[in-house]
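**Student:** Starting from the given sequences, assemble the full structure and let the hints guide the process.
Here are the chains, one letter per residue:
There are 2 protein chains.
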Amino acid sequence: MKISARARYGVRLMMVLARNYGKGPIYLKDIAKEEEISEKYLGQIVIPLRGAGLVLSSRGSHGGYMLAREPSEISLRQIVDILEGDCLVRCIKDPSTCSRVTTCASRDIWMLLGGKISETLGSVSLAELNNIDHEKAEIHGRGSAVKRVKSKA
Amino acid sequence: MKISARARYGVRLMMVLARNYGKGPIYLKDIAKEEEISEKYLGQIVIPLRGAGLVLSSRGSHGGYMLAREPSEISLRQIVDILEGDCLVRCIKDPSTCSRVTTCASRDIWMLLGGKISETLGSVSLAELNNIDHEKAEIHGRGSAVKRVKSKA
DNA sequence: CTGATTTACTACTAAAATAGTAGTATTAAT
DNA sequence: ATTAATACTACTATTTTAGTAGTAAATCAG
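Line order of the protein sequences matches chains A and B.
Taking the working numbering, I'd label the letters of the first sequence as residues 297 to 449.
Taking the working numbering, I'd label the letters of the second sequence as residues 297 to 449.
The set of hints was computed from the structure by calculation and includes no laboratory data.
One thing to keep in mind: the hints can contain errors.
Note: identical chains are not told apart, hence a pair may lie in one copy or across any two.
Said to hold, decoys possible - When the alpha-carbon atoms are kept at most 30 Å apart in a straight line, the in silico DSBU-like pairs for lysine-lysine are as follows:
hint: 1; residue 1: K389; residue 2: K432
hint: 2; residue 1: K432; residue 2: K325
hint: 3; residue 1: K389; residue 2: K319
hint: 4; residue 1: K432; residue 2: K412
hint: 5; residue 1: K412; residue 2: K298
hint: 6; residue 1: K298; residue 2: K389
hint: 7; residue 1: K325; residue 2: K336
hint: 8; residue 1: K412; residue 2: K325
hint: 9; residue 1: K329; residue 2: K389
**Tutor:** Below you can see the structure in the form of structure tokens.
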């Protein structure tokens with residue numbers, strides 16, 4: 297039971313966009329460089345986030361990505377749900393895959409657990425996440441994200 | 297983010313043993329038949345459960361498996377922890393695998409989530425799980441487990 | 001003792017999922 | 001036009017998963 301790189305990378309991508317909210321579009325290249333993630337792979341990850349309306353994009357030489365709404369209005373749950381396609385057990389989404397559904401108690405428990413996970417992820421917004429990040433950065437002395445690395449200046 | 301068949305099967309195996317607690321050892325063959333799981337595969341799954349002291353085994357012609365303690369004293373968390381080797385993200389168990397550990401906020405969230413999952417699984421015992429099961433069985437009319445299928449009689 | 005039956009252990013394997021890479025097309029500013 | 005960004009599609013190496021197969025060891029009945 298682990299979280300895919302896809303979802304983890306997606307969250308980090310969104311955190312960078314959240315830090316730069318209101319500053320216009322950010323290049324994927326810069327995010328990839330800062331977060332040390334393959335740009336091509338990030339390019340695949342951002343597509344469904346855009347498709348779900350969490351991210352806006354613009355193409356061309358001054359293109360890039362930005363959040364579609366405030367960081368406080370985007371929860372981790374939304375991001376993870378989009379990127380982590382599969383649920384805990386298949387029979388939750390699709391009960392027809394198992395004939396034991398009506399009598400299976402363990403299924404009930406996996407559903408309960410799935411609910412708890414959603415609840416937990418739903419209770420954390422990108423804004424809160426970046427607050428944690430900022431506190432840690434103050435202690436350990438890290439710069440303020442993209443700006444420092446940005447290729448233009 | 298899904299639960300492996302290994303862990304799911306392990307939970308079902310333990311539920312059968314819980315239903316038959318106090319009745320002496322149960323054959324893996326019967327459990328496999330009842331739960332419609334490969335006996336050989338179950339044989340692999342039960343080993344670590346025995347190793348962790350949750351299950352007792354005896355070999356030979358009247359061998360089998362039984363719980364090492366009362367169903368109310370065994371939580372889902374124990375079972376899942378034993379069978380689901382990996383944690384949510386590798387950097388939790390082994391911080392040295394990532395250089396960003398000190399400044400990474402997302403890691404904090406995955407740890408929080410991991411805690412919630414443990415908490416949830418820890419709050420459910422095999423006894424409680426079988427109560428749910430029994431309620432469902434009464435509604436949908438299923439027999440009382442192994443006995444019905446048992447190969448000897 | 002012997003044979004039947006069970007667990008214990010080890011090695012192997014087909015299929016699926018994961019985490020990418022690569023290349024091309026499209027869009028937009030200079 | 002050229003450049004520089006996103007958009008899209010296809011492919012692939014590696015790892016993980018979910019088993020299968022076969023042998024060894026223990027235990028009980030007769």
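**Student:** Does each hint fit the structure? Answer for all of them.
**Tutor:** To see whether the hints hold, each was checked on the structure:
no., hint, in the structure
1, K389 <-> K432, "between (38 Å within a copy, 20 Å between copies)"
2, K432 <-> K325, "within (25 Å within a copy, 54 Å between copies)"
3, K389 <-> K319, "neither (39 Å within a copy, 37 Å between copies)"
4, K432 <-> K412, "both (27 Å within a copy, 22 Å between copies)"
5, K412 <-> K298, "both (16 Å within a copy, 14 Å between copies)"
6, K298 <-> K389, "both (19 Å within a copy, 12 Å between copies)"
7, K325 <-> K336, "within (9 Å within a copy, 50 Å between copies)"
8, K412 <-> K325, "neither (35 Å within a copy, 35 Å between copies)"
9, K329 <-> K389, "between (37 Å within a copy, 26 Å between copies)"
Going through the hint list in order, the structure does not satisfy hints 3 and 8.
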